[in-house]
Amino acid sequence: MDAGLIATIVFFLMLALLATGVWVAPTLIAVGFVTLHFFSPAPAGSLLASNVWDASWNWALTALPLFVWMGEILFRTRLSSDMFNGLAPWLSRLPGGLLHVNIVGCGVMAAVAGSSAVTCATVGRMSMPELKKRGYDENLAIGTLAGSGTLGLLIPPSIMLIVYGVVAQVSISRLFIAGIVPGVMIILIFMAYVALRAKLNPALAPKQDTGLSFVQKLYASRYLFPVIALMFVVLGSIYGGFATPTEAATIGVLGALVLAAATGSLSWSSFMESLMGAVRTSCMIAFILAGAAFLSIAMGFTGVPRVLAGYVDAWNLSPVMLIVLLTVLYIFLGCFLDGVSMMVLTAAVVLPMVDKAGIDLLWFGIFTVIVVEMAQITPPVGFNLFVLQGMTGRDILKVTRSAAPFFFLMLLGIAIITAFPQIVLAPVQFMIE
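So in my numbering, spot 245 of the sequence shown is number 245, and the numbers just go up one at a time.
No lab work stands behind these hints: they were computed from the structure. We put the CB at the ideal spot given by N, CA and C, even for glycine. Just to be clear, a hint being listed does not mean it is correct.
[Stated by the list, open to error] Below, simulated EDC-like cross-link-like pairs (lysine to aspartate or glutamate); rule was C-alpha separation at most 16 angstroms, straight line:
| no. | residue 1 | residue 2 |
| --- | --- | --- |
| 1 | Lys207 | Glu130 |
| 2 | Lys199 | Asp137 |
| 3 | Lys207 | Asp137 |
| 4 | Lys217 | Asp355 |
| 5 | Lys398 | Asp54 |
[Said to hold, decoys possible] Here are the computed distance ranges between Cβ atoms for each label pair:
| no. | residue 1 | residue 2 | range |
| --- | --- | --- | --- |
| 6 | Arg280 | Leu200 | 19 to 27 angstroms |
| 7 | Arg280 | Asp54 | 35 to 43 angstroms |
| 8 | Tyr219 | Gly300 | 57 to 65 angstroms |
| 9 | Ser221 | Ile416 | 29 to 37 angstroms |
| 10 | Thr8 | Ala203 | 25 to 33 angstroms |
| 11 | Leu317 | Ile416 | 16 to 24 angstroms |
| 12 | Asp395 | Gly135 | 18 to 26 angstroms |
Model the full structure from these sequences, guided by the hints.
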């Protein structure tokens, strides 16, 4: 049967199962089984057993539940209030004032939590009441949280970068290094936008002068030391070559437990809640990855990825045009799928095409994660939108409108790293040399 027809059948079968409410992982396994059974002579049953097993014991994947658990522990500490108190004296005099605390606070939290939802919820539950009390524009406050909360997917240790590394067989340590500069760049883009808005309309962010001296500001910064120390220990051990991502994640969990105990947030109840939360999230992601691995094998036996890559090659698309096409595709998928599902669903077809086009898979990993970040604030399935809706009590349309400018700012970030790929690749080359 023609590979194009097989791809069409597979696509609509997957769409039908997802539309009826079947979970993503069983959908992937079912579609893979049907594909092998009807369109390939390969034994579907034995391939299912062997591939699900191979995908489940991947050593690189062991870092995932540990980083998730670290984020769950920190979510239950006073970390967000400490960060607010430590950052506010330094950022309050910038145009936009305490809105920058949202952005920088999310960046710092992302570097220890690794999760978009945890980052958004942890910073937001502290900053939103403070910003409202001080007369800041609610739409801009929600927007900064929605956009900056997605940094948990990009700034290492990122759960999404671990997933991509496992799927694409790319070094997770290199992905972590590659994510730093783009993450900082997007933080600066967000801060520049907020400052510009505040300059044009000062009523959006009332000026607040803390009146603190330099020494007093330094003293207030003591609140930041624990989280910054944890960040440097976890990431420094990876970049310095002292620990693998899995070993660094173990250090991070122990450090998070110490922080929780030091702030009086650690109890048997909070310990079990964080542990069970990590188990649920990690099992969901691991199940999806196992299903995706099986579907990738099934698609490989049918020859669909090779044929589709040939179609793209026949179109004579430049690498830039291919990136534009994939950006549109991912934005569309992001309206209906969560980030992990979107990444693994497309891997079997997209990665061979990208590789054939000569695009560096390390660079493509950062590109993919930024697009997945954008999906976190696109309705109807933008997860950060739901987090903020529950936190603020506002309807989803208001939250979406507030987040829209930050969606386009991330699109600008994609354009910049596409025009200047060394923003992603140069830090990796520097660290290796």
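Hint check results:
1. Lys207 x Glu130: Distance of about 14 angstroms is within 16 angstroms: holds.
2. Lys199 x Asp137: holds, 14 angstroms
3. Lys207 x Asp137: Holds, because 12 angstroms separates the two Cα atoms, which is no more than 16 angstroms.
4. Lys217 x Asp355: Not OK: Lys217 and Asp355 at ~50 angstroms, beyond 16 angstroms, violated.
5. Lys398 x Asp54: violated, 45 angstroms
6. Arg280 x Leu200: 19 to 27 angstroms: For Arg280 and Leu200 the Cβ distance comes to about 44 angstroms; the hint is violated.
7. Arg280 x Asp54: 35 to 43 angstroms: Given range 35 to 43 angstroms: violated, Cβ gap about 23 angstroms.
8. Tyr219 x Gly300: 57 to 65 angstroms: holds, 60 angstroms
9. Ser221 x Ile416: 29 to 37 angstroms: holds, 31 angstroms
10. Thr8 x Ala203: 25 to 33 angstroms: violated, 54 angstroms
11. Leu317 x Ile416: 16 to 24 angstroms: holds, 21 angstroms
12. Asp395 x Gly135: 18 to 26 angstroms: holds, 22 angstroms
The structure shown violates the earlier hints numbered 4, 5, 6, 7, 10.
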